[in-house]
Amino acid sequence: MACAGCGTGAEGKPSGCKSNGGCSSGGCNRLNVFDWLANIPLSDSLAPFDIIEVSFNNGSRKDFFRNVTKQFLDKGEMVTVEGVSGFDVGQVSLTGELVKLQMKKRRIEDTPEVKKVLRRASNEDLHRMGENKTREKEALIKARAIARSIGLEMKLTEVEIQADGRKATFFYTADDRVDFRELIKLYAGEFRVKVEMRQIGARQEAGKVGGIGSCGRELCCSTWLSDFKSVNTTAARYQNLSINQAKLSGQCGRLKCCLNYELDTYLDALKDFPEDADSIETANGVATLQKRDIFKNLMWYAYGDSNKQYPLTISRVKEIRHLNKQNIRPEDLKPVEVVAGKPKETDLGFADVVGQISLRSLEKTAQKRKHKDKEKQKHKQQQQGGKPAEQPAQQPKPKQQAQPQQQQQPKPKQPQQPGKPQQGKPQQQQPKQQQPQQQGKPQGPKPQPKPQQQGGGGGQQQPQNRPPKPKQKQQK
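Sequential numbering from 0 applies to the sequence shown in numbering that gives the first Met the number 0.
If you're looking for bench data, these hints aren't it; they were derived computationally from the structure. One or more hints might be untrue.
[Claimed, not checked] Below, a list of computed lysine-lysine pairs in the DSS-like style, where the Cα atoms sit at most 30 Å apart:
1) K103 x K255
2) K228 x K270
3) K115 x K154
4) K228 x K307
Based on the sequences and whatever the hints tell you, model everything.
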């Protein structure tokens, strides 16, 4: 992926990271090539190679052009080149002697028919290219709808419009041959451009679309892989992989290209294993080969009736195979004991030089906080629920005659319960205590006014000083 600072500056020169238009990782341009011959000086008699490689559409397509202007072009510069009945704008991806090797790899000859580089891309060329590139997404949607309406069995992957807007290339995939003569007429009338249809494979489609593989990296076909080699299931069998189509296939629906990466290493390691040892005979029966372990040089066998597998060394397999040729069946396979546990970690001799750290100061502060929290909770409980719990216990002791009255008073006790927790505030209790005395004389709060009358003095100040008495009883 390209970094956020990459871009083109004045006159099409690269700007941003100032790395001449290409990051070292190749992320600024797909299918980027590292020019390892750039720092090798040429002799005075040799002139630099006049053909350069130019990439279009962020590296999805590359082509070669002759630098007729004799200007020194850096990698990453935007240039204007010859197109189909017009011009096109691309990015310089490779210059110098390495272009010869790339042309030889693609079997392109240095002939006068090679298209030319017109000039460095101007601001007008870049602006016109940007306007035409914004039309590609809408053109792709419309082109798919037109192809579906005709009933053609094809899948359009990408639409590439030339920088001057005179030509459009439609890339598609199809299983069978498609007759798109009528389709070209509809596209030419709809988009008013010269239409070119180009068929690509499923792997090339995945390279153009891009994506993330099961390994967590970008697809190889969209970053660096340009040659697609055939992949068979035998490559998975040599590597002891399970033949599971869902796990072995990539995003293109074909077998993963990475199955061929380590195939040569596995083939070199399997040279020491005997080839004619698919089955061996013993006194217990015929044992068939299950898998080969190239890391431990073991061959796993199992009898037909059981699922248990026996690991054998290469020398033991060759010995049994030699005995079978002499019509001798050994009594036992003599398998090797394989330890599946993890290797023991070596003790590095770490010594605790600092020693134990005491956290008593922190523990003391935590205990003090807990003690304070408990005291606060007790104090709240005393203010809210302490008084109503003692008053019903005090009432039957001084007055036993009030018991028949209390039996008739179950109904008024219910409204008193929500009001009693407010007795902890003496100023708010005065209107609430006078109302039950005036409404019903036989109610329970009669013992409270009697001690108020005996004390004499200000009738309003005494009830304010009396409430702390039940607190003393609670503490006792």
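How the hints compare with the structure:
For the hint pairing K103 with K255, the CA-to-CA distance comes to about 27 Å; that is within 30 Å, so the pair holds. Only pairs whose Cα atoms come within 30 Å are accepted, and K228 paired with K270 is accepted, the gap being roughly 24 Å. Note on K115 and K154: the hinted pairing is violated, with a Cα-Cα distance of about 33 Å set against a maximum of 30 Å. A hinted pair counts as satisfied when its Cα atoms are at most 30 Å apart, and K228 with K307 does not qualify at roughly 38 Å.
Of the hints listed earlier, those the structure fails to meet are numbers 3 and 4, in rising order.
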